[in-house]
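Asker: Spelled out, the chains give:
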Amino acid sequence: KAGVTQTPRYLIKTRGQQVTLSCSPISGHRSVSWYQQTPGQGLQFLFEYFSETQRNKGNFPGRFSGRQFSNSRSEMNVSTLELGDSALYLCASSLWSSDTQYFGPGTRLTVL
Amino acid sequence: KNEVEQSPQNLTAQEGEFITINCSYSVGISALHWLQQHPGGGIVSLFMLSSGKKKHGRLIATINIQEKHSSLHITASHPRDSAVYICAVARNTGNQFYFGTGTSLTVIP
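Those sequence lines, one after another, are chains Z and A.
Heads up: the first sequence is residues 1 to 112, going by this note's numbering.
Heads up: the second sequence is residues 1001 to 1109, going by this note's numbering.
Chain Z extracted, bound-state conformation (with noise of 0.2 Å):
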């Protein structure tokens, strides 16, 4: 099976820009997770979707948004981007919530 792709990889945004990131899960996995991992910060949890259903959301301001697809792919969105976004994205799909997690290769961020 293909595993947990993310695009873009690597994406540079100025501050007030929006952005859309996408992750696609392993074939058959329901479930999607978003993480943002910064060096102050390490690892935190965003969202969750399941079943096209936000299940559970982190400490994250609004502008963090996402959505999930009837074929379980899932978008996050960040509008008017800060300086302090500027992280690594990762997401990760598992077949069932809190199930083990496969993780993506991550979308690099950089907001000038």
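Just so you know, these hints were derived from the structure itself, not from any lab.
In this text, all values refer to a predicted model and were calculated from it rather than measured experimentally.
If a hint is listed, it holds; no wrong ones were tucked in.
Ranges between beta-carbon positions, derived for each pair:
# : chain 1 : residue 1 : chain 2 : residue 2 : range
1 : Z       : THR20     : A       : THR1075   : 42 to 52 Å
2 : A       : GLY1042   : Z       : ASN59     : 18 to 28 Å
3 : Z       : THR80     : A       : GLU1003   : 25 to 35 Å
4 : Z       : LEU83     : A       : GLY1057   : 41 to 51 Å
5 : A       : GLU1003   : Z       : LEU83     : 24 to 34 Å
6 : Z       : PRO61     : A       : GLY1042   : 21 to 31 Å
7 : A       : ILE1108   : Z       : SER70     : 45 to 55 Å
8 : A       : SER1104   : Z       : THR80     : 25 to 35 Å
9 : A       : GLY1042   : Z       : LEU83     : 21 to 31 Å
Chain A side only, calculated, beta carbon under 8 Å to chain Z, not exhaustive:
#  : residue
10 : SER1030
11 : ALA1031
12 : HIS1033
13 : GLY1041
14 : GLY1042
15 : ILE1043
16 : SER1045
17 : MET1048
18 : ILE1086
19 : ALA1090
20 : GLN1096
21 : PHE1097
22 : PHE1099
23 : THR1101
24 : GLY1102
The beta-carbon is built from N, C-alpha and C at its ideal position, and this holds for glycine as well.
Could you slot chain A onto chain Z? The hints should help.
Answerer: Only chain A this time, still in chain Z's reference frame:
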């Protein structure tokens, strides 16, 4: 206060040594995960535990639910084990994950 505490933060070992990384958590959990992250960012899930002990090759993970503590052991460490090891817990009140700050392991030949 962090919900998940890991120790040590950094660890240097000689090849062949037995290594232990500890994780303590303060919330009710449905499962605990051990993750490995190599330079370059890729994360691999090593174990998912809700009780007892699991073994995979030279890696052993244990969890004590009553004490809210887990350990990851590496037997006969090898330079390719050099990576950051991260403990993560899934809360039992939902699927929100909390992460430890990671343990950076360097194994010297």
